[in-house]
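Protein chains in written order, with my numbering: chain A, 2 to 564; chain B, 2 to 564.
A hint or two may mislead.
Derived lysine-lysine pairs resembling DSS-like cross-links, with alpha carbons at most 25 Å apart [as the list claims (entries may be wrong)]:
1) A:LYS72 x B:LYS61
2) B:LYS506 x A:LYS72
3) A:LYS543 x A:LYS516
4) A:LYS516 x B:LYS72
5) B:LYS72 x A:LYS506
6) B:LYS404 x A:LYS404
7) B:LYS61 x A:LYS506
8) A:LYS543 x B:LYS72
What the hints contain is simulated information worked out from the structure, not anything from laboratory work.
Protein chains: 2
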Amino acid sequence: MPDQRRIVVVGGMACGPKAAARARRCDPHAHITIVEQGATVSEGSCGLPYYVGGQVASNKALLIRTPRYFKEVSNIEVLTGTRAVAIHRTAHELEVVEIASGAASRLPYDKLVLATGATPVSPPQLAGKELDGVFTLTKIADADAILKELSRAAPCNAVVVGAGLIGLESAEALRARGLNVSVVEALDRVLPALLDAEISLHAENELSEQGVALFLGQRVIRLEGDEHNHVRRVVTEKESIEADIVILALGYHPNVELARDAGLEIGSTGGLAVNERLQTSDPDIYAGGDCVENTHRVTGQKILAPMGSTANKHGRIIGTNVTGGDDTFPGVLGTTIVKVFDLNVARVGLTEREAHEAGFKTVVAITPGYDRASYYPGAQMITIKLVADAETERVLGGQMVGKGDVAKRTDVLVASISLNGTVGDVSNLDLAYSPPFNGAMDLLHNAANVIRNKIAGQARSISPLEVNDRICKGEDFVLLDVRSQQEWDDAHIDACQCQLIPLNKLREAVSTLPKDARIVTLCRTSVRAYQAQRMLEGEGFKDVCFMDGSIVAWPYAVTCSSK
Amino acid sequence: MPDQRRIVVVGGMACGPKAAARARRCDPHAHITIVEQGATVSEGSCGLPYYVGGQVASNKALLIRTPRYFKEVSNIEVLTGTRAVAIHRTAHELEVVEIASGAASRLPYDKLVLATGATPVSPPQLAGKELDGVFTLTKIADADAILKELSRAAPCNAVVVGAGLIGLESAEALRARGLNVSVVEALDRVLPALLDAEISLHAENELSEQGVALFLGQRVIRLEGDEHNHVRRVVTEKESIEADIVILALGYHPNVELARDAGLEIGSTGGLAVNERLQTSDPDIYAGGDCVENTHRVTGQKILAPMGSTANKHGRIIGTNVTGGDDTFPGVLGTTIVKVFDLNVARVGLTEREAHEAGFKTVVAITPGYDRASYYPGAQMITIKLVADAETERVLGGQMVGKGDVAKRTDVLVASISLNGTVGDVSNLDLAYSPPFNGAMDLLHNAANVIRNKIAGQARSISPLEVNDRICKGEDFVLLDVRSQQEWDDAHIDACQCQLIPLNKLREAVSTLPKDARIVTLCRTSVRAYQAQRMLEGEGFKDVCFMDGSIVAWPYAVTCSSK
Chain A
2 MPDQRRIVVV GGMACGPKAA ARARRCDPHA HITIVEQGAT VSEGSCGLPY
52 YVGGQVASNK ALLIRTPRYF KEVSNIEVLT GTRAVAIHRT AHELEVVEIA
102 SGAASRLPYD KLVLATGATP VSPPQLAGKE LDGVFTLTKI ADADAILKEL
152 SRAAPCNAVV VGAGLIGLES AEALRARGLN VSVVEALDRV LPALLDAEIS
202 LHAENELSEQ GVALFLGQRV IRLEGDEHNH VRRVVTEKES IEADIVILAL
252 GYHPNVELAR DAGLEIGSTG GLAVNERLQT SDPDIYAGGD CVENTHRVTG
302 QKILAPMGST ANKHGRIIGT NVTGGDDTFP GVLGTTIVKV FDLNVARVGL
352 TEREAHEAGF KTVVAITPGY DRASYYPGAQ MITIKLVADA ETERVLGGQM
402 VGKGDVAKRT DVLVASISLN GTVGDVSNLD LAYSPPFNGA MDLLHNAANV
452 IRNKIAGQAR SISPLEVNDR ICKGEDFVLL DVRSQQEWDD AHIDACQCQL
502 IPLNKLREAV STLPKDARIV TLCRTSVRAY QAQRMLEGEG FKDVCFMDGS
552 IVAWPYAVTC SSK
Chain B
2 MPDQRRIVVV GGMACGPKAA ARARRCDPHA HITIVEQGAT VSEGSCGLPY
52 YVGGQVASNK ALLIRTPRYF KEVSNIEVLT GTRAVAIHRT AHELEVVEIA
102 SGAASRLPYD KLVLATGATP VSPPQLAGKE LDGVFTLTKI ADADAILKEL
152 SRAAPCNAVV VGAGLIGLES AEALRARGLN VSVVEALDRV LPALLDAEIS
202 LHAENELSEQ GVALFLGQRV IRLEGDEHNH VRRVVTEKES IEADIVILAL
252 GYHPNVELAR DAGLEIGSTG GLAVNERLQT SDPDIYAGGD CVENTHRVTG
302 QKILAPMGST ANKHGRIIGT NVTGGDDTFP GVLGTTIVKV FDLNVARVGL
352 TEREAHEAGF KTVVAITPGY DRASYYPGAQ MITIKLVADA ETERVLGGQM
402 VGKGDVAKRT DVLVASISLN GTVGDVSNLD LAYSPPFNGA MDLLHNAANV
452 IRNKIAGQAR SISPLEVNDR ICKGEDFVLL DVRSQQEWDD AHIDACQCQL
502 IPLNKLREAV STLPKDARIV TLCRTSVRAY QAQRMLEGEG FKDVCFMDGS
552 IVAWPYAVTC SSK
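The task is simple: from the sequences and hints, build the whole structure.
What follows is the structure, given as structure tokens:
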């Protein structure tokens, strides 16, 4: 190693600059260079949908740092407009090409950092994707192009292909700009990779209420254009949808060509393989951000989880390690949060489906309630689906949806799951309580206690999806609503199996119910429904359970019978 | 034990009803009775300041359950207006008196639950405390009496005695009603038992800005009244303050007389002693809520921490245990959150002072920043003070203040501390990120990393309190502000030691600073100040540190020099 350590970083967006800045703070004398093929560095790309939608007024707000800042403040050289084309590992040199001039040169390194990011998926077989008016949204330049198109062509109809995070954020942005928006998704749900259906259905309801047309369970076949080569139609397996502007939001694939060409190990996920220190298979080459695969902290499996938050954490660890330090990254929980119009939607850890697939014996609770004291102004409902391992009682994951504060509960679960907390641990967390901020029992306490009650054999429930299925099949069971008449009149499930006996009348009405009836109780949030289950069992009923989450979590139509 | 288990609960507010309801769900056949001396049960007493202030329109919102509800729904007998006067432990009988009639009777029990709550401290030596217009605020009846006084007498001047939680909440409520409000506190800070001065000073600034007059470091000597026996003045050691209405908010003491008379063990804190199962020294008598002492999860010491949230958790555990189950309570973290006008203020675990006193070698970070992406509409600043153990790197506590979301970070720390997390654990939590909800790095990540940098010997800082002290003493050091000229003009520290060299000019200006200077760097949030510290050290400076939290966390006056 020479006197002055030479560190070369490929990629100037999130992980790269963070690694370089951290390296500088650890080693005041290192020679540090960032190579970036674009004209800018450190874009706040997660903010792009809000720039397109107008909540963020200027793209300047998303330019977090300039090359000049890096030079003046951190003495870091930034080579923009420069592409890394080959790693000469034996020589410890990075071959780069200045894009404008085509001039090639070699940058010697002691440690190389690959932060090459990810590229939007663009199916090679998708005809018409090169038409004018078809965009992706990953860079400020993309957003500027979309905004230019909006002001130039004043399009009426937008189609977003893909109902993942960027897809839904793009849909909201275009709706905010006054367009008719359709979303097409090959799978049968929105956010299909992130949520169980009990939660994603609520996001679908919100999208529909906000005027977004959903075309689910249908693959896009082709995009059709007009005589000016401008997109005019999105053709799916089932529909032909008018489109003046199209956003392709089909996910990302990690940029690993440079690494692959250099013989570095690529993981089974398609991401660059790294160890806990974020070293690639070449110990002098580190990698982080969207181009690498991560370890899931619950399953131990490798996953792709491209997030700006993870990229920043990677950057710090790499900056430490390339300057002689020793730091490790423990992995991710796949934490995701997204605003879907007025709904907040989040998940952490494993969904129920993922937990099943990973071999856990799962137990779940769906628990709705207010995000602060119910009587405090501004209190909003949220619904939490908590997933735990029935054997170890360890919390495996959580999903939440609602107009209220889901971010807080998500992050509490992040900490709890990361530190191997059980539902018992969660149920006794001394969470901050005061009416403007929470109820005396947080919803996570309630959800954890429901799971403990289930594990103890006291609480029994079934999913609203299964109840809906039973109703649709015309099965013989009693769907016993134990709310008040007023609540029933405001909104109830319109099914022949459904009947109302308010909880305070249930003891005296018990004799009207046949002892061998299959009974599913429900109320507003399941608190009374669970009480009804216990009461009926105490009276000798054998087949009673409550519907998870009751009316608030019910994602299907309800009927209003009040005047 | 007879066929039908007999459970008697003393106290109908939070823990008692929760224990009874939980017992019912665990045992459908038990005979369960709640004894309550007041006329109501299940008051949401934490909401009282907001009812007084007008945010909660009706006291009905704070009446969570009625005796009739307990009877109809849970088959629980509620005896209101009934005082428990003696426990006959050998006979397993509770002696009660119906207050209205004076009739005494005995309730046999298999398990007895004491949830007798706490009573506001009312110093026996305080003259004038019986005057009209002097109130405490713990029950709906208190709030109704205050509101009646406000509408009857239209008082102008309110004095709140005690600057703890209820004191500050009462001050805000009365200010919302248009009164001139003064707060008197014997100690020299607001929230003195909860916060270190770096945080409480911000709450004081907010109170002053909102027009609340603070009289700190002065004990109240007496209350003086007029010829109608109505309070007119609060006399302290130093001042005489006009008062048409007085709220005494001097804390609570646990109601343990019944237990003490029965020979049950009382802890050194004055609270009823219980084990992890919430059993008293009599295994057939359980106790929970504000009348018991709790175990602090960090220190293992016994503390009084009367909170509705804790009372509810106690209730569930007791309900389980009195019906043959086995559940334990792991203790508390002293978590507290309070709205102080437009500021949110919270703490969890140990303050720096408490950590010192408990014998930890502490290391702290004071980290300000935005509560979501800085460019996202509505982003607000908060300041976090994180406290860790330098030896184990375990997180010991956190305090936070600001207009932004402090509740989320508090609760993440609750989970992290409860599960013995280190600063390394916190720095890598996969917290939910999307611009409407957070920045790519949460402030907790930043604070944890600052502490890691300090433990690693890279970051060095001093408290703003110490900087202020040095300025006041006229010490010879350079207070080096590395922000931009514009930022300086907007607000800077007016001290002869303070000078401006923007960070991007610092490298070239290094030669103007004497190498042996004592330098304290500062910026807006300490990010640039830390970079400046590292840069100057790289240039050979030996005595450089940054000011914790920089300008945002600086709790003293600043000067504006822009036009």
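Going down the list of hints, with the structure as the test:
1. Distance check on the hinted pair: LYS72 (chain A) and LYS61 (chain B) sit about 63 Å apart at the alpha-carbon level, beyond 25 Å; violated.
2. Our distance criterion of 25 Å between C-alpha atoms is met by LYS506 (chain B) and LYS72 (chain A), whose separation comes to about 11 Å.
3. Distance check on the hinted pair: LYS543 (chain A) and LYS516 (chain A) sit about 7 Å apart at the alpha-carbon level, within 25 Å; holds.
4. The straight-line distance between the Cα atoms of LYS516 (chain A) and LYS72 (chain B) is roughly 23 Å, inside the 25 Å bound, and the hint therefore holds.
5. A threshold of 25 Å between alpha carbons decides the hint, and for LYS72 (chain B) with LYS506 (chain A) the separation of about 11 Å falls inside it, so the pair holds.
6. With a C-alpha separation of about 20 Å, the suggested pairing of LYS404 (chain B) with LYS404 (chain A) holds against the 25 Å cut-off.
7. Using a Cα cut-off of 25 Å, the hinted pair LYS61 (chain B) and LYS506 (chain A) holds, with the two alpha carbons roughly 22 Å apart.
8. With a C-alpha separation of about 24 Å, the suggested pairing of LYS543 (chain A) with LYS72 (chain B) holds against the 25 Å cut-off.
Hint 1 from the list above is the single one not met by this structure.
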